[in-house]
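Following the hints, position chain B against chain A.
Going down the list, the protein sequences come from chains A and B.
Using the working numbering, read the first sequence as starting at 10 and increasing by one per residue.
Using the working numbering, read the second sequence as starting at 13 and increasing by one per residue.
Some hints here could point you the wrong way.
[To be verified] Think about it this way: if two alpha-carbon atoms lie no more than 27 Å apart in a straight line, the pair counts; the simulated DSSO-like pairs of lysine-lysine are:
# : chain 1 : residue 1 : chain 2 : residue 2
1 : B       : K275      : A       : K165
2 : A       : K134      : B       : K275
3 : A       : K76       : A       : K94
4 : A       : K179      : B       : K188
5 : A       : K133      : B       : K188
[As the list claims (entries may be wrong)] Sample of chain B residues at the chain A side, in silico, Cβ under 10 Å:
#  : residue
6  : L178
7  : G182
8  : A183
9  : G186
10 : V187
11 : I196
12 : S276
13 : A277
14 : R279
In short, the hints are calculated from the structure, not lab data.
Positions of the beta carbon are idealized from the N, C-alpha and C atoms, including for glycine.
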Amino acid sequence: MKPELTATPKSDPGISKTILKINNLKKVFRVNGIFLAVLDGIDFTVKKGEMICILGRSGCGKSTLLKMLAGFLAPSSGEILLNGKPVTNPGTDRCVVFQEDTLFPWLTVQENIAFGLKGRNKDKKGIRKEVDRFIALVGLTEFRDYLPREISGGMKQRVALARVLILKPKILLMDEPFASLDAQTREEMQNLLLSLREKLSHTIIFVTHDVNEAVTLSDRILVMSKNPGRIREDIHVDLVRPRKMEKQEFIFFRRKLYKHLCD
Amino acid sequence: MIKEENTKLHNFVFQMLPWIIPTAFIILWFVISEAGLIPTYLLPHPVEIAKAGYTYIFDTPGDAPFAGRFLSDAGASLIRVCSGFAVAVILGIPLGIISGRLVSVRKLLSSTVNGLRSVPGISWLPLAMIWFGIGIKTTIFLVALAAFFPIYLNAAAGAGQINPLLLQAGAMMGVKRLRGTFAILLPGAMPHIMTGLRLGLGISWAYLVLGELTGVPNGLGAVIMDARMLGRIDIIIVGIIIIAIMGRLSDQLLTASLRFCFKSAGRMS
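Pulled out of the complex, with its shape left as it was, chain A reads as follows (with noise of 0.2 Å):
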């Protein structure tokens, strides 16, 4: 499989390029001496700077996906490329921002945003300017100095987007980020990850099985379904921006998905 080369048409930029295609995957693990398919002929493409969620109920393996296109975990079959290369290892390239609080604790906020590039060759004065930039990029420039656990949920998840956005990942990965925080803060959330998304131009893999999140965030949904888990329905969101949660046409298509979801 080769990357594709053919230069992207000027009048859309950068969004028609495939960055990840993902052939015929699946996933089986051995449970109990039972082997049971999580993932069965999981088949999509992403294209530079698209959106996309995945949408599914709990169980449906979204999360492994995941976790296979972040190389935490081999796939069964198939294959995952990104820019043609297929998918090994964890790498700097697919960055993923986790569900559970996953700072470290021993250092603070500004040295947390820092460890990705600490582990380049990049001086000190460098690093520092990035950081400076990121820290201010997710609201919490005062709160530089403080430990993880001196700081709420919503701004640990701040920092957990700095600390990867720092490092310029060709995919940022999701895994239902904003799933333990209260309805306000997740709220505000969703809106830095837009506003920072039209700065940044990232393209972004977002799981959920909020079907609020996805209407309000995506490109395109893709909704998964169940035993096993599949792509039932690739849909595209043609909702203009920004998109309120009251508006009629946000609650009919919130609907349409409910269909899929729960058929």
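Chain B only, in chain A's frame:
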């Protein structure tokens, strides 16, 4: 206003808490001695102990038995404790972290370590004397052996309990094995490692005295043994008090220097 004074008083009492038991103990001792409840050949008067301690620490060597020996004894003992403890740290922490992370290494080591651990240190003494003779080597061997187990076991427990998501997060941020060990494993295990080091240092002092009881010319344990031979119970008690104080100070010094050297030691405990 009243509230502020109350907190001040409260803080003062809080600061004094560690001194209450030693002070009460000394007062009780004073009362017992003044009342003559226990004969002085079993428990000398505290003033006598203070005098003996002063002679032992400050007087010119040769003026009286035990006079001025403190510095050379304490120095010798410190060197033995530090060397033995250092050996235990150099072996215990790397082995502990490795066996906390790798099931195969853990399986390889755990039966042996736990078997050896259940052998009381004192039963190594005769063997150590045959192997290393009387003196510094035997003491260092005993100290290193005793301190190894708590250091190893706690480092293993610490490395074993690290949240695997932290390691995944590290991997996705491009951390390779070497950096992962020093940037994630070590700090993640630090609270446990600290506990192990403190326990190990405490037990080092215990085994120091055991090693020095065997006829070495100097050291705090040797002084206690000499004093027993000469019937100088006051010097025995002085030796005990000095070991207690040095043990406490070395623990504080260890904790402070770990906190100074490792962010994780200061921020997670």
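Results of checking the hints against the structure:
no.: 1; hint: K275(B) x K165(A); in the structure: 19 Å, holds
no.: 2; hint: K134(A) x K275(B); in the structure: 21 Å, holds
no.: 3; hint: K76(A) x K94(A); in the structure: 17 Å, holds
no.: 4; hint: K179(A) x K188(B); in the structure: 20 Å, holds
no.: 5; hint: K133(A) x K188(B); in the structure: 20 Å, holds
no.: 6; hint: L178; in the structure: 6 Å, holds
no.: 7; hint: G182; in the structure: 8 Å, holds
no.: 8; hint: A183; in the structure: 4 Å, holds
no.: 9; hint: G186; in the structure: 4 Å, holds
no.: 10; hint: V187; in the structure: 6 Å, holds
no.: 11; hint: I196; in the structure: 7 Å, holds
no.: 12; hint: S276; in the structure: 4 Å, holds
no.: 13; hint: A277; in the structure: 8 Å, holds
no.: 14; hint: R279; in the structure: 5 Å, holds
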